[in-house]
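Student: Sequence:
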Amino acid sequence: MIPEIDLFTAIEMMRNLSKQEKEFSVSYMSYSIDKNQSKGLVTVNRALLRKASKKTDNRYADHMLNIYDVDNDRYIRCWQPLIMHFNGMKTILQ
196 MIPEIDLFTA
206 IEMMRNLSKQ
216 EKEFSVSYMS
226 YSIDKNQSKG
236 LVTVNRALLR
246 KASKKTDNRY
256 ADHMLNIYDV
266 DNDRYIRCWQ
276 PLIMHFNGMK
286 TILQ
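Numbered by this note's numbering, the letters in the sequence shown go through residues 196 to 289 in order.
In short, the hints are calculated from the structure, not lab data.
Remember, predicted model here, so these are calculated numbers, not experimental data.
Watch out, some of these pointers could steer you wrong.
[Said to hold, decoys possible] Simulated pairs of lysine-lysine, DSS-like, Cα-Cα distance not exceeding 30 Å: (1) 246 - 285; (2) 250 - 234; (3) 214 - 285; (4) 217 - 234; (5) 249 - 234; (6) 217 - 246; (7) 249 - 214.
[Stated by the list, open to error] Taking CB as the label site, the calculated pair distances span: (8) 231 - 211: 26 to 36 Å; (9) 251 - 199: 31 to 41 Å; (10) 252 - 196: 17 to 27 Å; (11) 257 - 224: 17 to 27 Å; (12) 196 - 268: 32 to 42 Å; (13) 215 - 270: 13 to 23 Å; (14) 197 - 250: 11 to 21 Å; (15) 282 - 245: 28 to 38 Å.
We treat Cβ as the ideally placed atom computed from N, Cα and C, and that holds for glycine.
With the hints as constraints, model all of the structure from the sequences given.
Tutor: Structure, rendered in structure tokens:
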């Protein structure tokens with residue numbers, strides 16, 4: 196059985212690891228609200244969180260994470276509730 200972790204505990208751990216410049220893995224379901232479509236599960240093996248977006252730049256900023264994908268040298272965003280795994284643990288909403 197895969198270990199589970201509360202989603203918001205996982206996000207807090209991601210923030211703490213990123214402050215220490217320690218990478219983590221994360222998987223999430225992609226979703227574009229503008230296109231109303233998903234490209235399925237996305238896995239980032241070596242990730243760091245970036246600074247949160249301002250609400251003036253992204254009205255959904257409170258519900259999203261900005262991630263730096265170390266392996267592919269790219270910046271991505273994901274919806275917090277769509278995070279599926281963190282460092283091999285299944286995330287759950289309680």
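Student: With reference to the structure, classify each hint as holding or not holding.
Tutor: Evaluated hints:
At roughly 24 Å between alpha-carbon atoms, residue 246 and residue 285 fall within 30 Å of each other, so this suggested pair holds. Proposed proximity of residue 250 and residue 234 is supported: the alpha carbons are some 25 Å apart, at most 30 Å. Using a Cα cut-off of 30 Å, the hinted pair residue 214 and residue 285 holds, with the two alpha carbons roughly 23 Å apart. Simply put, residue 217 and residue 234 have alpha-carbon atoms about 28 Å apart, close enough for the 30 Å limit, and the pair holds.
Distance check on the hinted pair: residue 249 and residue 234 sit about 25 Å apart at the alpha-carbon level, within 30 Å; holds. For the suggested pair residue 217 and residue 246, the alpha carbons sit about 15 Å apart, so the restraint of at most 30 Å is met. The straight-line distance between the Cα atoms of residue 249 and residue 214 is roughly 19 Å, inside the 30 Å bound, and the hint therefore holds. A hinted range of 26 to 36 Å holds for the C-beta pair residue 231 and residue 211, which are about 34 Å apart.
A C-beta distance of roughly 36 Å is found between residue 251 and residue 199, which places it inside the suggested range of 31 to 41 Å. A hinted range of 17 to 27 Å is violated for the C-beta pair residue 252 and residue 196, which are about 40 Å apart. The hinted window of 17 to 27 Å between residue 257 and residue 224 holds, with their beta carbons roughly 19 Å apart. Taken as a hint, the range 32 to 42 Å holds for the pair residue 196 and residue 268, whose Cβ atoms sit roughly 35 Å apart.
Under the hint 13 to 23 Å, the C-beta atoms of residue 215 and residue 270, about 20 Å apart, fit the expected range. Remark: the range hint 11 to 21 Å for residue 197 to residue 250 is contradicted by a beta-carbon distance near 35 Å. Evaluation of the 28 to 38 Å hint for residue 282 and residue 245 yields a failure: the beta carbon distance comes to about 18 Å.
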